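Engineer: Sequences and hints are given; from them, build the entire structure.
These protein sequences, in sequence, are chains Y and V.
Per our numbering, the first sequence starts with residue 1212, numbered consecutively.
Per our numbering, the second sequence starts with residue 3, numbered consecutively.
One or more hints might be untrue.
Said to hold, decoys possible - Chain Y is faced by these chain V residues, among others (derived, beta-carbon under 8 Å): (1) L7; (2) L15; (3) R116; (4) G119; (5) A251; (6) K323; (7) I325; (8) F327; (9) S328; (10) K330; (11) P414.
Unchecked claim - Computed, partial: chain Y to chain V, Cβ under 7 Å: (12) A1291; (13) L1308; (14) L1322; (15) G1325; (16) M1420.
Hints are computed from structural coordinates only; laboratory data are not their basis.
From a predicted model like this one, the values you see are computed outputs, not experimental measurements.
No residue lacks a Cβ here, since even glycine has one placed at the ideal position from N, Cα and C.
Spelled out from the first residue to the last, the chains are:
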Amino acid sequence: MKNILEAKNINKYFHDPVTNQVLKDITFAVNPGEFVSVIGKSGCGKSTLLYILSTMDTDFEGELYIDSENMKNRKEPDLAKVRNEKIGFVFQFHYLLNEFSVLRNIMLPALKLGRKSIKEIEQQAYEKMKILGIESEALKKPNQLSGGQKQRVAIARALINNPIIIMGDEPTGNLDKKNSEIVFDIFSELSEVYKQSLLIVTHDSDFAMKTKRVIEMDDGKIIRQ
Amino acid sequence: MKNQLIYSIAKALLLARWKQTLVAAIGVTFSIAMFIALLSFMTGLNDLLDGLILNRTPHVRLYNEIKPNPNQPVLQSEKYKESYNIIHSIKPKQERLEIFNSGAIMKSLRNDERVFGLAPKITSQVFYNVGNIDLTGVINGIDVEQENRLFFFKDYVTLGNYIDLKNISNSIILGKGVAEKMLANIGDVVQVTTSKGERISLKVVGVFQSGLQDYDNTQSYCSIATTQKLLGVPNNYITDINIKLKNIALSPFLAKEFNRIYQIDAIDIQTANSQFETGSFVRSLISYVVGITLLIVAGFGIYNILNMLIYEKMDSIAILKAIGFSGKDVKRIFISIALSIGIFGGLLGLICGFSLSTVIDHIPFNTAALPTIKTYPINYNPKFYFTGGIFAIVTTYFAGYFPSRKASKIDPVIIIRGK
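Structural biologist: Written as structure tokens, this is what we have:
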């Protein structure tokens, strides 16, 4: 079985104000259908690693394979396409566009991909909303929703293109305990029922302990995986 | 579909800040409207002033100049060919002012396809007799119909009917200044004395006003036949041939050609009236500079508003990039916003500019110097509207280009991490 995400000897330096190595020789792989959490203290480089893995940060040493394709030395529009097609994002903050309805927000990545008709995309968006239990909010504007609902909309948006992996950067960081649990349940449902691979960065050890695989980082190094 | 998506995002962002967008569009509208109105008015005025002289000036004038023969006998002598000859007090020899063989020249010119038309003319010095006083003046003998066709004679005849000059024998159309001095009205008979001393009575059939006072104070018009009778010369006597060309730009060239072919003096309009072209050019230049300045100011407005919009929508840009929009897509979104401001504002500006020009066109403008003008002159040249439209789009494009580039370079990591 091939890996959907593979990092080989990734090193990353910050040069401002002084050169400082934040990631040291990171090597790991994510298998299809795996639910992985990355845990570590604040400042240990876990978010930095996530941005490198998500192709948004290209300034690193080492090799990164997504879907067995090397991401090194690719052009920006090319990487944007990879993000669009193969990666779904959930951030700490929802980042929904208030100018568009919930439905439209969810449809946006698929519209950008442009492989299906608007009708099909809409239908797909409703399916995703049903999984997340927000189909009744479809025509509302994001600023009319609660924090937990917004995060679920963001997850639906991440799912719309059926990405090979969902990456989360503290997706429960802004939520209360109850909503955090809902989000976690959604993630584990996606993992178990839909065999969706997930890579979630978190500092919430309760959250991490419940996932199947935990990668622990400290001072830019993987200390346990 | 990809374009549709870009436009729908652009529209959403645009409408999110519709008040500022409107202000930006109004800036463009205002500058384009002023640009159009200014240029239309300035050009109208230019045409008017140029027309004052240029419409009445032949493109090429053929005439005989009284001057000493440049080819003096001593220069033709073999003996003194190598010498440096100085001749004092050369006088022109007795020469007639008439154009030799004028009939044949006119016939050949009429067949020349570069020539739009020609009007023969006789200029003659006269005295207008007012009681005991003789006023010096000039009578122009003209071919009335050709003069009207080529030089808009009718427009300048303020009293009476110009064609009477042809239909009534021994008739005259006086310059306004001359008519006032002689207290002459239509139907009166005035006396003139020719330079050869003959006295003749002419019936006033009209008064003309050219707008140039010096001219109106001395000049009068008669038909060619009347003038020939006045001077006691045969009916092939012509002193000037005024030529209008199809292409005015050829006049210096053709003047030289006619000079060579017909062995006659020829002067072209550019040489005779070069100051007018300079004046028109400078006036147009000023209007363009003012118009473009207005547009650039509007461009800065758009630049500011887009910059602000990008600053405000930084999060949205970051997420768009995170979910797969490339820098190029983001750039296109903001360029679309700028261009839609430009197109909307520019179109409205063209309409407002047209309305403003129409209003100016209806403001009364009466001046004694310009008898045919009743309102301010406006030139509705489509070229101005075309230029204005292009300018609006180009300036807004550039005003949008730099903020868009900035937006396209936004690094999503910094924003997402910063929260």
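Engineer: Using 8 Å as the Cβ threshold, decide whether V/I325 counts as touching chain Y.
Structural biologist: With a minimum Cβ separation of about 5 Å from chain Y (threshold 8 Å), the hint on V/I325 holds.
Engineer: Regarding the hint that Y/M1420 lies at the interface with chain V, is the smallest CB-CB distance below 7 Å?
Structural biologist: Result: violated, 26 Å to nearest chain V Cβ.
Engineer: Grab the minimum C-beta distance from V/L7 to chain Y and call the hint holds if it beats 8 Å, violated otherwise.
Structural biologist: Nearest chain Y Cβ about 5 Å off; hint holds.
Engineer: Can we keep the V/A251 interface hint, with Cβ of chain Y closer than 8 Å?
Structural biologist: With Cβ-Cβ at 52 Å, over 8 Å, it is violated.
Engineer: Next item in the hint list is V/R116. Is there a CB on chain Y closer than 8 Å to its CB?
Structural biologist: Violated, about 59 Å.
Engineer: Report holds or violated for the interface hint on V/K323, using the least CB-CB distance to chain Y and a cut-off of 8 Å.
Structural biologist: 7 Å, holds
Engineer: Can the hint on V/P414 be confirmed by a CB-to-CB distance to chain Y that is less than 8 Å?
Structural biologist: 5 Å, holds
Engineer: Is the interface hint satisfied for Y/G1325? The criterion is a beta-carbon contact with chain V at less than 7 Å.
Structural biologist: Since chain V brings a Cβ to about 5 Å from Y/G1325, closer than 7 Å, the hint holds.
Engineer: How about Y/A1291: closest beta carbon in chain V under 7 Å, or not?
Structural biologist: 4 Å, holds
Engineer: So, as I understand it, the hint says V/G119 touches chain Y; can you test that by seeing if any CB pair is closer than 8 Å?
Structural biologist: With Cβ-Cβ at 65 Å, over 8 Å, it is violated.
Engineer: Does V/S328 hold up as a contact with chain Y if the rule is Cβ-Cβ below 8 Å?
Structural biologist: 4 Å, holds
Engineer: When the nearest CB of chain Y is found for V/L15, is that gap smaller than 8 Å?
Structural biologist: Status holds, d = 7 Å.
Violated hints, listed in ascending order, are 3, 4, 5, 16; each of the other numbered hints is respected by the structure.
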